[in-house]
Every structure is written in C-alpha cells, then in structure tokens.
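J.: The lines below spell out each chain.
Number of protein chains: 2
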Amino acid sequence: MNQTDIFPSACHRWGIYELAFSGKTSGNPYLQYRITGTFCGEQETVTLDGFYDGDGIYRIRFMPSYEGLYTFSVSGSFSKQAYHGSFTSLPAVPGCHGPVRVADTYHFRYADGTPYRPVGTTCYAWTFQKESVRTQTLATMAGTCFNKLRFCLFPKHYDYNLNDPVCFPFEGTPCDNAGLTEENFSQANCSCLGGREIAAKTNHWDFERFNPEYFRLLEDCILKLAKAGIEADLILFHPYDRWGFSDMTPEQDERYVRYIAARFSAYHNVWWSMANEYDLMPQKTFEDWERLGRLVKSLDPYGHLLSIHNCQAFYDHTRDFITHCSIQRTDLYLSSEMTEKWREQYKKPVVLDEICYEGNLQHGWGNLTGKELTRRCWEAVCRGGYPGHGETFLERIPDGSAKDRDVRIWWSHGGTLHGECPPRLAFLSQVLADIPGGHGLKSIHLNWDEVAAVPDSPLAEEHSYYLVYFSFMAPLFRRFHMDDETWFEIDILDTWNMTVTHLGKRRGEFTVPLPGKPYMALRLKKAERSHCDDAS
Amino acid sequence: MNQTDIFPSACHRWGIYELAFSGKTSGNPYLQYRITGTFCGEQETVTLDGFYDGDGIYRIRFMPSYEGLYTFSVSGSFSKQAYHGSFTSLPAVPGCHGPVRVADTYHFRYADGTPYRPVGTTCYAWTFQKESVRTQTLATMAGTCFNKLRFCLFPKHYDYNLNDPVCFPFEGTPCDNAGLTEENFSQANCSCLGGREIAAKTNHWDFERFNPEYFRLLEDCILKLAKAGIEADLILFHPYDRWGFSDMTPEQDERYVRYIAARFSAYHNVWWSMANEYDLMPQKTFEDWERLGRLVKSLDPYGHLLSIHNCQAFYDHTRDFITHCSIQRTDLYLSSEMTEKWREQYKKPVVLDEICYEGNLQHGWGNLTGKELTRRCWEAVCRGGYPGHGETFLERIPDGSAKDRDVRIWWSHGGTLHGECPPRLAFLSQVLADIPGGHGLKSIHLNWDEVAAVPDSPLAEEHSYYLVYFSFMAPLFRRFHMDDETWFEIDILDTWNMTVTHLGKRRGEFTVPLPGKPYMALRLKKAERSHCDDAS
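Chains as they are written, first to last, in our numbering: chain A, 1 to 536; chain B, 537 to 1072.
Please note: incorrect hints may appear among the correct ones.
Derived pair list, reagent style DMTMM-like, types lysine to aspartate or glutamate, alpha-carbon separation capped at 25 Å [as the list claims (entries may be wrong)]:
| no. | chain 1 | residue 1 | chain 2 | residue 2 |
| --- | --- | --- | --- | --- |
| 1 | B | Lys1053 | A | Asp331 |
| 2 | B | Lys833 | B | Glu790 |
| 3 | A | Lys297 | A | Asp53 |
| 4 | A | Lys442 | B | Glu790 |
Not everything, but these chain A residues come out facing chain B in the computed CB check (under 10 Å) [said to hold, decoys possible]:
| no. | residue |
| --- | --- |
| 5 | His363 |
| 6 | Gly366 |
| 7 | Leu368 |
| 8 | Val451 |
Ranges between beta-carbon positions, derived for each pair [claimed, not checked]:
| no. | chain 1 | residue 1 | chain 2 | residue 2 | range |
| --- | --- | --- | --- | --- | --- |
| 9 | A | His445 | B | Asp700 | 29 to 39 Å |
| 10 | B | Glu580 | A | Glu344 | 56 to 66 Å |
| 11 | A | Glu462 | B | Glu931 | 31 to 41 Å |
| 12 | A | Glu485 | B | Glu931 | 33 to 43 Å |
The hints are simulated quantities; they were obtained by calculation from the structure and are not laboratory data.
Just so you know, even glycine gets a beta-carbon here, dropped at the ideal spot from N, CA and C.
Build the full structure now, drawing on both the sequences and the hints.
T.: And the structure:
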C-alpha cells in the first residue's frame, strides 16, 4: 500500500517532517507498541523511533539535514501496516541555521556555518507556569540578547517554587501542596532540598503512562524559542522534586529518555542537559549517568549538543558523549576567571551556565549585583568561554504568607527582568559579534594583571585584534607597545555604561587614557593607514 | 673609674636607655672597633653591641623590659676604659605598652597585655623625602586608624621613584639620575625593575663607612611613629635599587644588619621585615635569607616581630626565626579570601601587608577601587587575619616631563591620602576593637556563602558574638536560627557607608532585613534579656 498522497509532500531543511498514524490502543500503548522509521536522502539515512501521542495517534518526527528528495518507510508493532513515501526537503526558512555544533574545539557554529556565540539565561520552570506568564517570558526574551534558554523538563520543587506545575508528565495525582509555605519549607539553615522527604509518599503516578498534553506544552515552548532564534537547553533530570520524578527506576528513566528523544530530537534548537546539579542526586550513580548519557546520544540521530551540569563536583567533561562543559561555579570568588583552566582540562567549549545570579536572595548563588555578574560575563568571554545569565530578585522579604506563593523570579518562573545586567550583556554580545573569525576569544598574556584576549579562530588574521579587559581594576591610563609598524584603531569600551569611545589610530609606543573607573575595556583593531592621516 | 654620675639616672620601661662615649677614631671605626654592654635588672640580663655614630662618638642603647634598678657595664675595643653604672627603669610613659608580641598563635598583643590588632599601611620611601613631606606623612597618619607603617631602610628606585633620597646610608656619591625619566625608565611593557642595569656601575660608595646622618633620620622617623602609637615595620632589603645596596657582599650585608640592629633594636615599636619581595632578588639565595634572618634574631635581645615579604613565591613562614606571615597576594582575584588557608599552613598570625592598593596606576597591584580594597580588608578580618592598606593615586597621566618627578604617591612617598578606603578602615578598626577576648576573629561555617566569624580568643565566651559579612553579595534578608534560648543584640553594619543600625534583641528563628546592597555585615552580640522587653 502506498500512502504518499496523504503525507506532507515537503518540509524545510532543519524543519520537522512529521507523520501521524492511527494505531493500536489496546493495553498500554506507551509500553507495548513501537513505531520506527527510516528516512533516506542523498546524503543521509536516518532510522529513529516515533512515539505514542494519546488518543490512538502515533507520531514520528524527522529533521532533514540536507535539501532534496527523501524517501521514508515507517513500520512497527503499533500497526499491522507499513508505510512508505517521499518528500522534498526545501531550503531552510530564513533565519534557521540548523543545530548548533562544536567548532574548533572551544567554540560553536550552526550547521550552515553561521557563527553562534552563546549568551544564555536560565528559567528553570518557566514552561510550568500559566500561559500568560509563559507568553510574558517569551516576550521578555525577545527584548534581550539571550540566544539560549536553560530549563527543566520535570517540574521544580524548591524555595519560591512550591506551586504545582500547570500539568504533570504522567497520569496520576500529585501529593498535596497546600501545607507547604516558604515559612515551613525554607528553614533558616537548610532550604536546599528536602522535597523527597516532605511528600513523595503521597504521590500517585502511573509512570508507565505519559501525559501527552505535558509534552505538547514543552514542544510548544521549544518551537516558540526556535522561531525566536533561541536554543532550548533541556534539563532531563534534576533533584528539586517532591513528586518522585527524580526517584524513578532505571527502566522508568529509560522509557522517559526514549520518549523525550522521540518527541524532541527533531527540533533543531534542542540541546540536551542530562541533569542540573547531578551530584545532588544520591539516588543516581555515576553508572546511571553514563548509561543515560549514552542512551540519549544513541537515540538522537542529529548529534545535538549534550552536557551535564554540576553543583559541587564537576562531571568528567572529557567523556565521549559530552560535547561541552556546562559549568556551575564551585568557588565563592572564582568563577569565570577559571575558564582557561577548564578549557585546558576538558578540551571542549566552556559554557558557564551558572556563575551566580543578579539578585537579592539570601542564597549566595542568587545575590550578585548587576555589576558583578556583568564582570563575570566579561571575564568568561575574554578567557575564551561563554557566559550564562540568571536573575533572582525578590520584591519583598518572604514572611510565610500566601503571597509568597505568587512570587515570580526570572531564574525559575520567567516573567520579566528587573536587573541591570541584561542590557550590558547585549552590549557584550555586540562586541562578541564583532570578533574576527567567527568565534569568540582566547586569553593571552600582555602585561600586569588585566585580561587580554585575541580571536580564537583559524580564520582570524594574527595580530589583528586585541581585547583588553580591566575588570575590577581602575587604571588612569595604559601604555602599549605592540610593535613599531602596525597601526591600530583604538576603542575604549565602558562595559557598564555601554559606550564606545573611538580614539583613532595609534602605532609604536602609545598611551591610552582611561577614566580610573572599573569595568573598562580596550579594543585594538588593525587598521589600514592612509598617507593623509599619518601625522598622529 | 666610675662614671655613673655622668650617665642618665633613669629611663622609662620600654623607653631607650642610651649611653654615649668618646672613643677611638683612627683607621675606620665602623670596621675596626666594637662596643658591647651588659644590662642587668632583677628579671633580665641583656648583652648587646653599640655602634659608632661618627665624630668620635660611640653609643649603646638598651630598652628595659621591666621596672626597677638596672646595672650595666660597657667595654670593647673602642676604648681603653670599661664603664659601669646603674639606672632606674621607671613605669612606662602613658600610652606606651611595649613591643608587640604574638599571642595565641594567630594574634598579637603588646608586652603589657594590651590588645593590638594591626591595621597597617605602607609608605615605602617616606623617610627619604624632604622634611616637609615627612611631616605631612606623620600628620596624615595621625588622622587615620593605621597603627603600623611599613617602609624601607634603603632608598627606592622604581616607577615614580626616580629622585635620589635626601641622604645616603654610606659615604660616597650616587650614580647620575638626571637622565632618568618616567618616559625612558617605565617602558610600556616592562617597568618593574631594571635599576641594577641602568646605573649601578657609576655609583661610588664606601660600603665600609656608614653615614650616621642617614640612620639618625630613620631613628627620628621611628621615634615619631612610636610617639604616635604606630609600629614601624622596617624593611631591611629590597630589589628596587640603582645604587648597589641590593648587591652588597655577604660581609657588607652582615655589617649593615649589625649596624641596624645596634641602632634600632631598642625602639619598642620596631618590627623587622627582612625584605620586600625577597624573591625578586636573584642576587640573594635561600641560604642568604636564612643566615640574615637568624642574624637579626640573634642580634635583637627583645624579640621584635620578624617577617619576610614575598612577591610571587611565599617564603616558608614556618621557619623558626619568622614570627608571622607578611603576605603579598599572588593571585589576581583571591587575596585575603585565602587567610584561613595560610593560617592553617603556617600556624602564625597572617598579616596581609599587600592585597593591592586603592588607586589608578596601570599596574594591577595599584588600581583597586576603595570599595574593593575595603572589601578585601573585611574579608581579612573576618577570616582571622589582619589587613594592610596602601594607596596609589596619580593626579595626571605621566608624560615624561619634568613634572613627573614631583609625583607624590602615598604608597611610596607618603604625603596625603586621597582615597575612600581609610575612613572605612577606621570604621572596621572600631568593629575590631569591640570583639570580645582581646584578639580578632576566626571564621566558622554558618550557611550559604557569607563569611561568618567568631572571636578567636580563649578569653571570649563561646556563642556570645558573631560577625557575618556579605562581601560583594547583596541579600534582601537573612534568616537565622542560632538556638531557641539565647537573646542576641542585632546590629546591621553598612561597611561602606559606615553606619550601625541597631535592630534590638532577637532569639530563636528570626529574619534580619537587609538593603539588597553589597558590603553589608551583621553583628550578633549575646544580650542579657530583661523581663520588661520580652515581647518582641
């Protein structure tokens, strides 16, 4: 039987070619039946699984990595039939550059070769908020420079996160949350976890039956991010849990991972983050993470980026299924300043997903000033890594009242931004975008203590670009002597006030005046020098 | 012959009992003749050398550590005669507490038991400036909280330090300094040293003949500091030299050390610092420092504090002749934050003599903001160390003109202070002075990331005092639960705006509101709770 005429005839390169089939509903379709497809173009042949989407519908999703004619065949225990057909992969829609890949060891680019320099932020639980808040989060993102958003695939239980999500990933009912208040949950000296003990025993879930509505909601969020040009850094597991999702059996974990991979892999903007703070989950062993990480890698035919995020103990980021370092700072004072060390140690891109947040919480990770977070982001960039933003502002001190349940904090709920850092990161992003060679930087030793950097790309001309960042230091001037021949265009960048002051061209020994304030940078770009202005 | 009637009949405890004698002048008295005395009181017998002070006069100086009757005898090759006599050691003059000693491993107190908590500053070359500047330096010091001043016994050659000193330690003539300008000396990429190469060969010194005028000037400075209650942290050797004083032979070094010890040991406020940045002196070996350090210790009958200050490589501060750690930060980001590590490593007091300076130089060690230096000083105190201040402000960018020679920077020349840090350190000193038990603090782990500390003294009652410092963090509140019984008086300290806000008494679980700004601290002092105000 040939059914091509009822299947879509085309999709765009790096878009989703999705097929839907009616299939078996007896027993538990999530457990009992499988749907598998093979998609064959001139340059690739991909075999992958589909998934049961409820109501008797099975779906299979494929992302073509090339243009041209593809054929497919779909079969499996879900149906007595096998299906065959073909479609055309059209040029990518404008603005879609395909998945992000690692490039030149420490950097990234999109599949079509376009530079990608991540400046991400985090809203752990934004997808679980009511629709108006989700809409607001996306609108806020649109007004920022952030091109990556990190969030959890499971709901979150933590300080300021005591409400239930809008829906749940499994059929069943959650434990009662009515008695939970900031006052009784967040004790003076221990508020970090505790959810597993609080209420996990009164959950009633059928871990063998997914709730498709939950995953459709996540897909909607991923898709909206894709349309906005934002990478979706999906956290598969995390410890902040009162519902038991962090305590599933290895078989349940695997089924969950297979379901996630089948549903989400075809979204070009997906990144896999195996866990947030994996090391706060004693219920999982190193072998569990290895097994689950390799499973995700094996199920994802597109090679999406894959990482695992620490709390105190770094995962061994040299493991072959890990594509890049997703780092949380583990020292109170040193965070992005250690970027070179981590590059050297892991030989992979260093993404500093948590270097503390701008905010005013009592938690040390959530009460940086905008100036300090901006400084850390500049340190990251100048040392050859990529910074991550987060924001944790409370408008009032929690007092245990019902109002505490309405608190909305960007770091978890999304919503709106209140901090001083985001516009400064937009300024930083502009500086990043201007670096020759398509990547970011690597640090070099120039003099004294400032952080000096040059482009870290084989495409960048040597000795053509320098960025010198003074961080917390506040010099009144800086003398240079690069060589006697090369003319440089000199820009003073005020990284806090977001101004660029062009000083003109200099060569040989020269002095650059500075304002004696912190957070200044200098940019030296090799200039073509004409005769007429050779007098300086 | 008995000459008691021509010798002073009394001095004060910890004052200087000085005897002057005419003696031999033939040949070279500095080299050829010795004067030795023994001073005997009820509780001590001290034998020490005097020194030749020029013009046929030999002097010997003794500091009595006790009250009561002392006898003495003085003899030596300087004279055919021997001298005997006695004097009365009277109670110390008001405000004089004797030399500072190490107390309880990590702290200090004066010989009379009075607490001493160092908050020092540095003016390396203040003694070599013209008199009006020296006077200004002392006047400035009088208006600050600084109770220790670090400075060099040899003149200094370095950026902004190209002028000759007002006089020299030896007979002879210095190399020509007329050709030295900031422009030609301080090259863009290397300005640190270079003095040895520049001009050392054209010096003409008789290292066998001291210039007493030079040492009298230093004594005058030490004495004026003593009268102001300020410890004089004397740096015996340093690498910033174009005159050859860092390149003397071992015999010349030893003669210099013996002369210094004979002249200065009797000043109660003297501390010995064997070197500034000893590790920048390749002309001296580890064995040289060991020999010279032990020599100073052996020549000083009073056990003045003795240290050796690093640039990059710490000296082994566990060496027995070293009384405390005199530390320069070696990391761009971490300085006083490492205090606990150094306490643990060396088991001696940690004095952070250089954690960079407030200023605007291009040198990374000299361009901190006042806020950052103040923060580092608070970190030092809360971690059980003692901070050191320094200031390096330029009013204009050096341009190689003659005016550059007139630059006056507190860090080296003394003069006046321009920074924002000194009044904040006065506030910090007040907080320090209020800590129970007579010493400073030691850090403890309370919660999250703030720095928490308790008194580090066997005399302090346990659980009676906490200092919690939030450093760069900016929380909106902090919840506490120390125990259910103890009442604490709560003060919010704004370490930058120098305010103390008293919140009243709290016990059990309580929330302290904070302004969501950096540089805040909380002080919890155990309170006696009366019945009438038991209602909070």
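J.: Take the hints in turn and mark each one as holding or not.
T.: Hint by hint, here is what the structure shows:
no. : hint                            : verdict
1   : B/Lys1053 x A/Asp331            : holds (21 Å)
2   : B/Lys833 x B/Glu790             : holds (13 Å)
3   : A/Lys297 x A/Asp53              : holds (23 Å)
4   : A/Lys442 x B/Glu790             : violated (49 Å)
5   : His363                          : holds (6 Å)
6   : Gly366                          : holds (9 Å)
7   : Leu368                          : holds (7 Å)
8   : Val451                          : holds (9 Å)
9   : A/His445 x B/Asp700: 29 to 39 Å : holds (34 Å)
10  : B/Glu580 x A/Glu344: 56 to 66 Å : holds (59 Å)
11  : A/Glu462 x B/Glu931: 31 to 41 Å : holds (39 Å)
12  : A/Glu485 x B/Glu931: 33 to 43 Å : holds (34 Å)
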